[in-house]
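Following the hints, put chain B in place on chain A, whose structure we already have.
From first to last, the protein sequence lines stand for chains A and B. Start counting the first sequence at 65; every next residue gets the next number (my numbering). Start counting the second sequence at 2; every next residue gets the next number (my numbering).
Hints were generated in silico from the structure; no laboratory data involved. Ideal Cβ placement from N, Cα and C applies to all residues, glycine included. Accuracy of the hints is not assured; some may be wrong.
[Said to hold, decoys possible] Using C-beta positions, here's what the derived DEER-type ranges look like: (1) B/LYS69 - A/THR416: 37 to 45 Å; (2) A/ASP491 - B/GLY70: 38 to 46 Å; (3) A/GLN392 - B/ASN99: 24 to 32 Å; (4) A/ASN494 - B/GLU85: 21 to 29 Å.
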Amino acid sequence: MKTPLRSIVVAALFVAVLTLLYQVAAVPAASPIRSTFAPGSYVPGEVLVKFKPTHSASSRASAVAILGHAVVADLKLPGWVQVKIDADQTMDQALAAYQGNPEVEFVQPNYVYRAAALPTDAQFGQLWAFRNNGQTITTGTYSPNFGTPGADINTEKAWDHLTDCSSVVVAVIDSGVNYNQQDLAGNMWDGGQIYPNHGTDFVSNDNDPMDLHGHGTHVAGIVGAAGNNATGTTGVCWRASIMAVRVLDAAGSGTTATIVQGINFAVTNGAKVINLSVEAGFFDPVLSQAIATAQNGDVVVVAAAGNSGLDTDAIGGANATYPCNFTQPNLVCVAALDQNYALATFSNTGATSVDVGAPGTNILSTAAGTEATITDTFHNNNNGVLNWTTSGGGWAYRKLTLSTPAGPVTVDALVNPGTFPTGPYADSANNRVYKTFDLSGKNVATLSFFASVDVLPGDSLNVNYRSGGGDPFAGGGVQLIGGSGNTGLSFVPFSFDLSPCINASCSVGFQLLSDASVTDLGAGIVFFSIKTLQLNNTSYMIANGTSMATPMVTGLAAMLRAYNPQFTYADTVSAIKNAGRSVPALAGKTTTGRAVDAMSSLAYINPPAGLTATVQ
Amino acid sequence: MRRLVALAVAAAGAVAGSACGNPPGNPPVAPAGAWSQQARVPGEYLVTLAAPANAKAISDLYGRFGIKGIKELGQNVFLVILTEDPGPAQMEKLRGQNVHIKAVQPNYVYRTQGSGGVR
Numbered sequence: 065m066k067t068p069l070r071s072i073v074v075a076a077l078f079v080a081v082l083t084l085l086y087q088v089a090a091v092p093a094a095s096p097i098r099s100t101f102a103p104g105s106y107v108p109g110e111v112l113v114k115f116k117p118t119h120s121a122s123s124r125a126s127a128v129a130i131l132g133h134a135v136v137a138d139l140k141l142p143g144w145v146q147v148k149i150d151a152d153q154t155m156d157q158a159l160a161a162y163q164g165n166p167e168v169e170f171v172q173p174n175y176v177y178r179a180a181a182l183p184t185d186a187q188f189g190q191l192w193a194f195r196n197n198g199q200t201i202t203t204g205t206y207s208p209n210f211g212t213p214g215a216d217i218n219t220e221k222a223w224d225h226l227t228d229c230s231s232v233v234v235a236v237i238d239s240g241v242n243y244n245q246q247d248l249a250g251n252m253w254d255g256g257q258i259y260p261n262h263g264t265d266f267v268s269n270d271n272d273p274m275d276l277h278g279h280g281t282h283v284a285g286i287v288g289a290a291g292n293n294a295t296g297t298t299g300v301c302w303r304a305s306i307m308a309v310r311v312l313d314a315a316g317s318g319t320t321a322t323i324v325q326g327i328n329f330a331v332t333n334g335a336k337v338i339n340l341s342v343e344a345g346f347f348d349p350v351l352s353q354a355i356a357t358a359q360n361g362d363v364v365v366v367a368a369a370g371n372s373g374l375d376t377d378a379i380g381g382a383n384a385t386y387p388c389n390f391t392q393p394n395l396v397c398v399a400a401l402d403q404n405y406a407l408a409t410f411s412n413t414g415a416t417s418v419d420v421g422a423p424g425t426n427i428l429s430t431a432a433g434t435e436a437t438i439t440d441t442f443h444n445n446n447n448g449v450l451n452w453t454t455s456g457g458g459w460a461y462r463k464l465t466l467s468t469p470a471g472p473v474t475v476d477a478l479v480n481p482g483t484f485p486t487g488p489y490a491d492s493a494n495n496r497v498y499k500t501f502d503l504s505g506k507n508v509a510t511l512s513f514f515a516s517v518d519v520l521p522g523d524s525l526n527v528n529y530r531s532g533g534g535d536p537f538a539g540g541g542v543q544l545i546g547g548s549g550n551t552g553l554s555f556v557p558f559s560f561d562l563s564p565c566i567n568a569s570c571s572v573g574f575q576l577l578s579d580a581s582v583t584d585l586g587a588g589i590v591f592f593s594i595k596t597l598q599l600n601n602t603s604y605m606i607a608n609g610t611s612m613a614t615p616m617v618t619g620l621a622a623m624l625r626a627y628n629p630q631f632t633y634a635d636t637v638s639a640i641k642n643a644g645r646s647v648p649a650l651a652g653k654t655t656t657g658r659a660v661d662a663m664s665s666l667a668y669i670n671p672p673a674g675l676t677a678t679v680q
Numbered sequence: 002m003r004r005l006v007a008l009a010v011a012a013a014g015a016v017a018g019s020a021c022g023n024p025p026g027n028p029p030v031a032p033a034g035a036w037s038q039q040a041r042v043p044g045e046y047l048v049t050l051a052a053p054a055n056a057k058a059i060s061d062l063y064g065r066f067g068i069k070g071i072k073e074l075g076q077n078v079f080l081v082i083l084t085e086d087p088g089p090a091q092m093e094k095l096r097g098q099n100v101h102i103k104a105v106q107p108n109y110v111y112r113t114q115g116s117g118g119v120r
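Just chain B, same shape as in the assembly:
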């Protein structure tokens, strides 16, 4: 039997809708769980260093979570891949402890597709 339930189709570009519209400097905090994290890549963060710091500052601050890889993207921005994912809130909290780390944010996911064949 058909039944009306209070379910909604989320906008394709707004996965993890709680992340929408956060002002600069306040990265969204995704709920825990693999199915809740599609707005960001679990365990991956983009760290912006304050010049002239080098990547060692990243290891010093976030090494406690196990660093699987660091890749420089240019403009003092580094992709950091962690073994253990502490979550965006904890990453941001730690950032304040090291003056060489200018900013940290999740590695967000972007998509092309909407639903119904719309691209």
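Isolated chain A, as found in the complex:
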């Protein structure tokens, strides 16, 4: 006698077996699952048909002949025959002819298989995300920099089926793309005469989405750097159609307005997959609406989980990070894994808001040019003496110990007053501090620092630069930010485009002005740096971040939609989420507990819904 428990177990096993069955590529005769197949993935004019075992060889031949087809060979598997179809029929029509026949159990194209071959790209051996053999990545910056063989997204097998995603337009909504980069130039979207530069720019409001930051070009190369061309790297897709949509400026910052315009542009101009490697910590209804609009346009949006090392579901939503904490079904949120498929230390997670994991450390990809970073610790040789030029006193060098998600960190700081953060700063002050840097020969320069500010209204903390050097507050200087404010004892990041100051002598300075009334705690500056970019078309670079994990999934989405042109956004998202491989580091920290797997996703077909099983 059966028990309820046994019924449940048996039913569960039945569903599991059914799911496995539906992961094979054959199409059940009565199921109109897939109507179009990617060109090149099958032998034109041939199908493989499985008749019910009761059919003899002669009756199979007759059934085939009635359709105007001919049996080419008996496959020596029960019921299976290789069939030559009518020359005028499409593959869809031929499959449909058999799918309606109750005597046919399965019908499928005669798929083409090729010997597994690695792409010839010169630096393919560094691309652990595609082929992890435990290698150490040259110039890798993330530790550990060694891998676990097999911990990758399994593109090698997928590439046996499809490498050309160019039928699917992928919008990289980011800092732009260096569309002249040697591994990207041939894989950019054809925008015709209206968009001759392969996209558009909502920062400068023109048609030139050239990348002046570097982020977008790196992302684009992960999606679709040209593969098997003996040059540089390859993307998930060897051939692609990348739409460059610039919404982030040279400092890597954008706004709701630029991003929303970018999404609307992508949807309107035919993109079917959007890569959105940006993050912010506030609910943004207009951005949410734009993602919903993309959903209505059948567009998949792949977004980065964020790099704050937070559980974005925790503290009652206080850690929520957007767009990942939006709930649209066309949105896939991606966490970053390291070379051993451990969670990257910087990656955000969320059991209800982050969906899958993908490689995001020591990722080599295309670069907009040669990047360099000038850092400054405000003193020489750890001697504790401020080495910037000062005027009016107030500013000093000191070490501060900050709390971070990874624990306390001691850093070099520029502070005013010298006792910061216990204050107060001086009344009636005009305290200046500045330093001159050589930025000659660069195309782009970006000033970045973290600041903790507690300056009362009526007083002002100003940041200026001056082309030619010297005191940037003495005339001829340009203000980047100025005024009062309170960051609440937190150091928050600030970035500014310093490109107008590119020459051999560019001075950058801080000024604290105060009136005669009461004062507050003052200001501290840490992690001061100037990043420069010299554009060229031959550079590659290593980067870490969920921004790098995200385009792995974007490339896979493009691959899926190229392989299955009838796939909706829902089919694509389902294949990405449900066909991944279980990864312990993602269990309980993502909605699926899985890392993406390209081959499994290609083979994945949604199991039918609403099935019931009766245990006899």
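What follows is chain B alone, placed relative to chain A:
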């Protein structure tokens, strides 16, 4: 001399941390001051109109702050750039006075970068 102070590095994506996790319809209110407003662009707001209203409704309601520019972004959403920034709270308060204005929110700032070279 080194000294431990109660300072924290804010998450790169969560500038102006007080803005985190606000529910829909309750835009965060940033403290006054240039250094406190990095989560939004000062003086810039996104206004969603109730169809079939036109941009005149924006001028009617928010013209008192001086309108430097209005740009349509699609889906009845307009970027409004004001000469004087009244702050998100005041913008939201005024919204209730005009049925043609469906919603108003700051023009938030998004970034790509974390710290330590993480993107």
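We went through each hint and held it up to the structure:
no. : hint                           : result
1   : B/LYS69 - A/THR416: 37 to 45 Å : holds (41 Å)
2   : A/ASP491 - B/GLY70: 38 to 46 Å : holds (39 Å)
3   : A/GLN392 - B/ASN99: 24 to 32 Å : holds (29 Å)
4   : A/ASN494 - B/GLU85: 21 to 29 Å : holds (28 Å)
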